[in-house]
Amino acid sequence: MNMDRPTAAEIIETEAQQAIDLKALRAETEIDALLEELDRDLVGLAPVKRRIREIAAFLLVTRARERMGLQSEAPTLHMAFTGNPGTGKTTVALRMASILHRLGYIRKGHLVSVTRDDLVGQFIGHTAPKTKDVLKRAMGGVLFIDEAYYLYRPENEKDYGQEAIEILLQVMENQRDDLVVILAGYKERMDTFFASNPGFRSRIAHHIDFPDYSNEELFTIAESFAREGHYRFSPAAHEALVAYIARRRAQSNFANARSIRNAFDRARLRQAQRLCETGGVVDREALQTIEAEDIRASRVFSETIS
Amino acid sequence: MAADSNPTAITDAKKRYRAGVLKYAQMGYWDGNYVPKDTDLLAVFRVTPQEGVDPIEAAAAVAGESSTATWTVVWTDRLTACDAYRAKAYKVDPVPGTPGQYFCWIAYDLELFEEGSIANLTASIIGNVFSFKPLKACRLEDMRFPVAYVKTFRGPPTGIVVERERLDKFGRPLLGATVKPKLGLSGKNYGRVVYEALKGGLDFTKDDENINSQSFMHWRDRFLYGMEAVNRAMAATGEVKGHYLNITAGTMEEMYARAEFARDLGSVVIMVDLVIGWTAIQSISNWARQNDMILHMHRAGHGTYTRQKNHGVSFRVIAKWLRLAGVDHLHAGTAVGKLEGDPLTVQGYYNVCREAHNEVDLPRGLFFEQDWAGLRKVMPVASGGIHAGQMHQLLDLFGDDVVLQFGGGTIGHPMGIHAGATANRVALEAMVLARNEGRDIAKEGPEILRDAARWCRPLAAALETWGDVTFQYTSTDTSDFVPTAIAS
Amino acid sequence: MRVTQGAFSFLPDLTDEQIARQVAYCLDKGWAVSVEFTDDIHPRNTYWEMWGQPMFDLRDPAGVMVEIRACRDANPNAYIRVNGFDSSRFWEAVRHSFIVQRPKYEPGFALERTKGKGRTTHYQIRPYATERPEGERYTNGKR
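Protein chains in written order, with numbering that gives the first Met the number 0: chain R, 0 to 305; chain Z, 0 to 487; chain S, 0 to 142.
These aren't lab readings, by the way, just hints derived from the structure by calculation.
There could be a bad hint or two in this list.
To be verified - No more than 20 Å apart at the CA atoms, straight line, and that leaves these computed lysine to any residue pairs for SDA-like:
1. Z:187 / Z:164
2. Z:168 / S:1
3. Z:168 / S:68
4. R:129 / S:68
5. Z:187 / S:112
6. Z:168 / S:101
7. S:114 / Z:181
8. Z:181 / Z:300
9. S:28 / Z:396
10. Z:168 / S:13
11. Z:135 / Z:95
12. R:48 / R:186
13. S:103 / S:41
14. S:116 / Z:217
15. R:131 / S:65
16. Z:14 / Z:95
17. Z:187 / S:121
18. R:107 / S:16
19. R:131 / S:68
20. Z:168 / S:103
21. Z:36 / Z:188
22. S:28 / Z:399
23. Z:187 / S:1
24. Z:150 / S:88
25. Z:168 / S:41
Next up, chain R with everything else stripped away, as it sits in the complex (with noise of 0.2 Å):
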């Protein structure tokens, strides 16, 4: 960073008491910059983008507020990510972390993802430890639960899983400007969970819901795979790879951009296969050239929409 420039608090701290230039502080935040390269780098998720530039504007202008001693104290800023597997959720995290730290709401900008294992323990005494070492390493960053509601398991009385929930109750309210936590899982069920938690459900200061990738936007994100490992779909492998997203979707376990990638990654499989088996010299385009029959061989092809 630039050392010359002043720093965001410098900018309010002089700018203050009776106005406060918002330009200097975005640009001094480079938050611009973070959501343009979410913009670009993301497919879809348009009313994803969309809530994460309200929050960007929200916490920027929280903090005018707090100079300006409007604020009385530091905004809540747990969240839940609601949405089938594959939509980005992971990936937003970790951008959300990164705009949480330049605009000075955490002070690292890491992000710690773990799922229940890595918070429940196996025995007495075993969780609280657990869930502690997770909270510290995720301090000063983003602590990203993955299907929280598997926390609570209200069908098992003895269940470590509330020693946890507690734990993390606590410290998502004493703790705020330590860290702060994302939930993400099926929004159905996180609702469940929220209706039988309200603890969390009051401390959630932003819900965001991940809307499942349209079949074109499915195909974009196949693109984008093929052309960061320097592959291509010939015209043949285009048309079947859109007949594969259509199938793929109606079929079981489906995950979104998960499930493409996984695609993707067995069609280069077959690829090389075809051309070990085929032989002889292959040129720069053979290589790169992802074809028709790599595509088609896929088990989607083969089983019957259930």
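Chains Z and S: place on chain R using the hints.
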């Protein structure tokens, strides 16, 4: 280098071994194409040939005289695999900016040296060659030891890591002071200085190099009163304290007797002077290892051969030999105090003592990469003409793993020895705290000291007394490879 | 008296903000930070009680501060120190250590001398506090 001197080895055996005198290069001590093996010992000498002596021939002569050669051809060479035993000069470079001097790079086969013997090593490398007439002057600048050779030495008996664990002192340089006056104090008066300084906040006090067993204070008196003082100071502070009991004596037997007495009194550290010689150093190092004793080395006498740049042995080489021989503390210069040493060159000595692996670092005088093969680290000691007002410079130059010794700067304090020690300790802790908090101590040091002096009167008095004292003389032993100056 | 173990015992007791900055220094160097406490302040008492395991992989001092506070709450009369541990090759040792809590009253140490052979003296140092059993030291007689 110039090819006009015919620097080619004669390979025809008949011509090579005909009785008479040949050039060293012709005898096979120069090989410009030689690629040093990982198992070779390497040395670089700064050579000043006599007028008219070709630098390559001079380099070959150094290689010859420090390995197998004599002034004339001997047929008995042919009873040996003599080519393997010949050291090879393989590179000659003019010294930058110093006409008439050359760096000569020489490789020695590992087989030339006895394992675990600095005496053998030094007898070979500096045995004869420094008196060799065709050279006006000769200086051993640096050496590289192959791992196989390093592993034949046991190294420091304690090392930095274990010393800190034993003393329970972490995160800051250690502090020491040499008891002054050097000579004349009785045992009882001597112990008073030790007690005041340790209780005031120092970690160590030290005998001076020439305090042995004179009529005004026999060694046993010094040890007894010294240890009374050390233990009183420990009880007064709850900290481990030590006094370097100098066991240097006329014979090895007497040194062992003094070492054993120090051990029996519960001392954590003993001290010897460099002048006791390499074999005595290695012996007492073994003793220290067997008796859990920190071994403090005072480099008494080194200036006679390390200081002049054109002749002798660089201190970085002495430091390497001492790390192999096995000492725990080594006086390695202050850069800012009263004794010789420019800051970069001194940092080079510190790196030799403290790093697990030295990279080539010409501005700091390190000509070779050196893998220390896990040999323990030597704690360098900065001693001589330093005071609390230089704390920021010392910490910035040398970091945490060093003993900073303020003799006059403790004992000469206007409010007394105890206050002098406290001033040093407060200055040190305030500086470490500030550095760890991210402050630029090189720049803000004086301000940090002044802030601490506001609540610490002894420090205020120290700064008032010595704040401006510096020793600004040009160093004689400076780097030949100074990085391009950057406007500051 | 004041026990002067640790890196900063000659300075006024550190505030929590100062402690957090020292912890941040350790974390930035990649060191694991641990909290230890004892009521036996003998200089050779190497093994203080561990307040939990050393904390590896932390990024921010807040997590350590939580443990320091918890340790103080549980041991209001003990000495508490914070250590920075460097696991890198050729160190694998504590690199920083400083006291973050000490008892209000420090009674100091007794120095006992035993006559040995000739004029030789052997020394024993004993913290006065350890005359009382563990847990009852530095508590003004209250458990």
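These are the hints, each one checked on the structure:
no.	hint	in the structure
1	Z:187 / Z:164	violated, 31 Å
2	Z:168 / S:1	holds, 16 Å
3	Z:168 / S:68	violated, 24 Å
4	R:129 / S:68	holds, 19 Å
5	Z:187 / S:112	holds, 17 Å
6	Z:168 / S:101	holds, 17 Å
7	S:114 / Z:181	violated, 30 Å
8	Z:181 / Z:300	holds, 16 Å
9	S:28 / Z:396	holds, 19 Å
10	Z:168 / S:13	holds, 18 Å
11	Z:135 / Z:95	holds, 18 Å
12	R:48 / R:186	holds, 18 Å
13	S:103 / S:41	holds, 17 Å
14	S:116 / Z:217	holds, 18 Å
15	R:131 / S:65	holds, 10 Å
16	Z:14 / Z:95	violated, 38 Å
17	Z:187 / S:121	holds, 18 Å
18	R:107 / S:16	holds, 17 Å
19	R:131 / S:68	holds, 14 Å
20	Z:168 / S:103	violated, 23 Å
21	Z:36 / Z:188	violated, 57 Å
22	S:28 / Z:399	holds, 14 Å
23	Z:187 / S:1	violated, 27 Å
24	Z:150 / S:88	holds, 18 Å
25	Z:168 / S:41	holds, 14 Å
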